[in-house]
Each structure stands twice: as structure tokens, then as C-alpha cells.
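Colleague: Next come the chains, spelled out residue by residue.
Protein chains: 2
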Amino acid sequence: MALTYPEHEIVFHPQCYLSAGHFAGTDAERAAAFLEFANDPVIDAIWFARGGYGSNRILDAVMPHLGDAARRKTYMGFSDMGFLLGALYARGIGHPVHASMASSIGKNDAGVDTGWALGWLIDRDRRGLDPALADGRPAAAFNLAILTALIGSKYLPDLTDHVLMIEEVDEPLYRIDRMLFNMAHAEQLKGIAGIRLGAVTAIAENDPPFGETVDEMILRWCKEMGVPYLGRCAIGHVSTNHVVPFGVA
Amino acid sequence: MALTYPEHEIVFHPQCYLSAGHFAGTDAERAAAFLEFANDPVIDAIWFARGGYGSNRILDAVMPHLGDAARRKTYMGFSDMGFLLGALYARGIGHPVHASMASSIGKNDAGVDTGWALGWLIDRDRRGLDPALADGRPAAAFNLAILTALIGSKYLPDLTDHVLMIEEVDEPLYRIDRMLFNMAHAEQLKGIAGIRLGAVTAIAENDPPFGETVDEMILRWCKEMGVPYLGRCAIGHVSTNHVVPFGVA
Numbered sequence: 001m002a003l004t005y006p007e008h009e010i011v012f013h014p015q016c017y018l019s020a021g022h023f024a025g026t027d028a029e030r031a032a033a034f035l036e037f038a039n040d041p042v043i044d045a046i047w048f049a050r051g052g053y054g055s056n057r058i059l060d061a062v063m064p065h066l067g068d069a070a071r072r073k074t075y076m077g078f079s080d081m082g083f084l085l086g087a088l089y090a091r092g093i094g095h096p097v098h099a100s101m102a103s104s105i106g107k108n109d110a111g112v113d114t115g116w117a118l119g120w121l122i123d124r125d126r127r128g129l130d131p132a133l134a135d136g137r138p139a140a141a142f143n144l145a146i147l148t149a150l151i152g153s154k155y156l157p158d159l160t161d162h163v164l165m166i167e168e169v170d171e172p173l174y175r176i177d178r179m180l181f182n183m184a185h186a187e188q189l190k191g192i193a194g195i196r197l198g199a200v201t202a203i204a205e206n207d208p209p210f211g212e213t214v215d216e217m218i219l220r221w222c223k224e225m226g227v228p229y230l231g232r233c234a235i236g237h238v239s240t241n242h243v244v245p246f247g248v249a
Numbered sequence: 001m002a003l004t005y006p007e008h009e010i011v012f013h014p015q016c017y018l019s020a021g022h023f024a025g026t027d028a029e030r031a032a033a034f035l036e037f038a039n040d041p042v043i044d045a046i047w048f049a050r051g052g053y054g055s056n057r058i059l060d061a062v063m064p065h066l067g068d069a070a071r072r073k074t075y076m077g078f079s080d081m082g083f084l085l086g087a088l089y090a091r092g093i094g095h096p097v098h099a100s101m102a103s104s105i106g107k108n109d110a111g112v113d114t115g116w117a118l119g120w121l122i123d124r125d126r127r128g129l130d131p132a133l134a135d136g137r138p139a140a141a142f143n144l145a146i147l148t149a150l151i152g153s154k155y156l157p158d159l160t161d162h163v164l165m166i167e168e169v170d171e172p173l174y175r176i177d178r179m180l181f182n183m184a185h186a187e188q189l190k191g192i193a194g195i196r197l198g199a200v201t202a203i204a205e206n207d208p209p210f211g212e213t214v215d216e217m218i219l220r221w222c223k224e225m226g227v228p229y230l231g232r233c234a235i236g237h238v239s240t241n242h243v244v245p246f247g248v249a
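Line order of the protein sequences matches chains A and B. So the first sequence is numbered by our numbering: it starts at 1 and just counts up by one. So the second sequence is numbered by our numbering: it starts at 1 and just counts up by one.
Please note that a few of the clues may not be correct.
Said to hold, decoys possible - Rough simulated footprint, nothing fancy, chain B against chain A, three-plus residues with beta-carbon under 8 angstroms:
(1) 29-37
(2) 55-69
To be verified - Residues of chain B placed beyond 12 angstroms of chain A at every Cβ, according to the derived structure:
(3) E7
(4) L35
(5) D44
(6) A102
(7) G106
(8) A110
(9) G115
(10) D123
(11) R126
(12) N182
Calculated directly from the structure, the hints in this document are not laboratory data. In this text the structure is predicted, and so the values were computed from the model without any measurement. Just so it is clear, CB atoms sit at the ideal spot from N, CA and C, and this is done for glycine as well.
Produce the complete structure using the sequences and hints provided.
Modeller: Written out as C-alpha cells, the structure reads:
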């Protein structure tokens, strides 16, 4: 970072190092930290540190209190952070972007995807964008479990005419199938332009064997949904998780 | 059965013994079997054999084809069968009832709950009803994962002024919390009279420890939902799974 982008600084909020049960701080601490940085005019972007579970728990506390500075920012992350990205996009606040997070860099990951993420964040460098975005249509990307947990709520954005990209990790096929049913029957999603499937990784054992592949499943559910299946995309819990700015890039 | 209810007969459809990957027969076979029995005027009730996963996959195929005979029937089951019970209730077809299934009888279960189920089915015997139904308010009962998978779809019934009873099994607390968020923010459920929590059993390990109990969780989410929490009820994946006829019993 210091060598590549010497004129930019990443500041980690102290809340990142807190711990309270499952979470990095209590809901109140996490909400206060987000609001503090989101509403700070000196900060250009919020790069979420990690996913896991829990950003849904602060939506009611933070969404009504985002001011002008928050509206100008870019918000970047994926997986569980889809709750916040979706809620921000639903209200037209800032520029939500699906991309890898700081915590993605690890022992088995050289950090190519975080390089793409920072490149977009700082220079709007398009090299890390999902190749499927070349069609010029607005898109949004979600972890499937997070998308389905947003369905039915005011926090699911209106994705009419958008390409919806989904990815999943650590689930058995029967649960993926159930989530695809949920997506396919969501009245809120009837107007989307099409669906692309990203990486479905670390699939948990299904006992007995499910009897279908994920490619067969997505085709069947898109048909039941009445929405075109547009093929694969290059996002997910993988070292080549690409950047998807919500809306037209 | 033969001794207790000699004048009644249980017929198992041959489809119950089929196998196709994860399912007891292909979707087409399962849909055809359900329609055959549901539309047969000689049959008084459909007692689903077992849960697991997959009744959602036949909803589009069966719901438009249920005739007069199907409208007079009682439909009884729980867990995954909540997809069908919910869809039937949403369309006002027959009498959906949450209760144990034939497969509930097993090595570690004397079958008290299946006795309650059959007692209601045959004699409208109220001894197996969930004690919470004594308040006289209409109710409906769902496995939480099934309820959340129905949210946003036309198959979720209008539960305005109903007491909603939920139960769960085999999930870690963070997933239960995420499903409760989904329920609490479902616009379709804003008008319910209140929520009761049934058994939450075989809770999977949460790493790190979640930091809240299920009772704390349900209180917090009911508050965020703006719906009264009415206390516990006696349903779930337990040997004392009580009967909950949808609507006024």
C-alpha cells in the first residue's frame, strides 16, 4: 500500500479490534464506528475489514443517520457486508462496491483480489472488474445467503434491469437449492435483467448425494423464475474475486 | 392404528418409497402423487410422511391443479412440509395443520406426538393442541428456515392477526439470528399478533460462542420488529411436538 499508493492512507477504526461474543464489538459499538467514519468528510471510502456475520444487526441503527459526507463515499466489501451494501444501494447512498476486503489477504492468497479492490477504490482502475460487466448493463453482486436474508425487507434494493450476480460458500447443495427457490420466488426480484452465477465453493457434504450440479440447479430455478440465466461470473470466496460496482460502472 | 381407529385406513402412496438423488422420487413423480391423493374424493386427509427438503420444488406444479376434493381435506405435517402448508393456507385450500408425521415414530420416540396428530386428524381431539392455542387467537406454525425461505413469495400466507409460532433444529446461533432478522424485517409479516418460540434443538456449535441465548435473541428481534413476544410454545423437532391447526382451531 505504502509503495503502490503513497499518497493514500488506510485507517483502521479501533472497533475492528474489539470482541463481543460472535462480533467485533457490541452492536452499539459497531454502529457508532460505522457512523463515525461514514459521516467523516475527510474519509473518501469505507473498505470493510471482514465478513462473517452481523452487519444486518446495525442497519436500523445506522441507516437513518447517514449525512452528506456518507452520501459521497464508496463502500466496499462482500459476503456478510452485502447487508450494508444492499441497504445503501436501496437508499441511493454512496457507491456500494462488491470486492474483496482487507482480511482476504492470507497465507494462501497473494492478494491479487485486494489489489483489484484498491485499484478500483483509488484510481477507478477497471482491470479488476468482473469481465461480465463488459456488457455495460447495471449489476449488483451478493452472497446468496445474504441476498435471501434481505428478501422481503426494505433493505433489499430495487434491482430492476440489473444483472444479479450471486456466489456461495460452505453450504450443502440442498440448502443452495432452497435459497435459489427463495430467490426465484421473490416478488421484489421479478424485474431483474438476468442472473449470473459466481463461484460456489467449499460445498458441504449432502447426504444422500443431491443428484444435480449447481449449473443444473441455477438453470432450473432461473426457468421457474422466468429470468434469463446469463452464465457464470468471476466473483466469490476465491482468490480471484472480482470487483462489481453496484449499478453502471 | 388398527386397534385405536379400526374404522380408518392409512394408505401410503407408492411414491413414498421412490428415490431420486436427495428426494423420494423426481419432482414430477412427487407432484403427481400429491395431486392424485389430494384430488381423490375418497381420501379425507393427507398426512405427510416426512420432512427433510424439497416440497418447495413442487409448489408451482401442484398449486394450480387442486380441485374441489382437495379443498375439503386436512393436510398435516411440519418442518419442510411447511412449504406446502403455507402455500395451501395462502390460497385458502383445505385445512393445513402443523403436527408430527408418520416418520416421527422411531427408536427413541414412543409416538405420543403422532398419537396427538392422528387424534386431531380423525376425531378433532384437542388434547394434542399446543397449550398456547387456549387464548383462542388464530395461529400458524413454521420451522424458521422454511418460513424465511417463503418470505417475499406469493406462497407465504397472509398471517395478519395470527400468532406466529416458530421452531428450529440443527442450526448454529448465528444462522438462527440471521433468520430472525429476515423474519423481523419481512414487510409481509408486519401485521401479525405476536410471536411464540417453540423448541430450538440440536443447536450446532457456534465458533466463537455467540454471546446470547435464543431467548435473548427472540426478544431483541421482536422488539426491532415491533411485534409482541408472547413466550414459548410446545412445538418443534421434539417428542412432544404439539398440534397447531392453521387459523382458528
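Colleague: Taking the numbered hints from earlier one at a time, note which ones the structure violates and give those numbers from smallest to largest.
Modeller: Numbers 1 and 12 - these are the hints that the structure violates, sorted from lowest upward.
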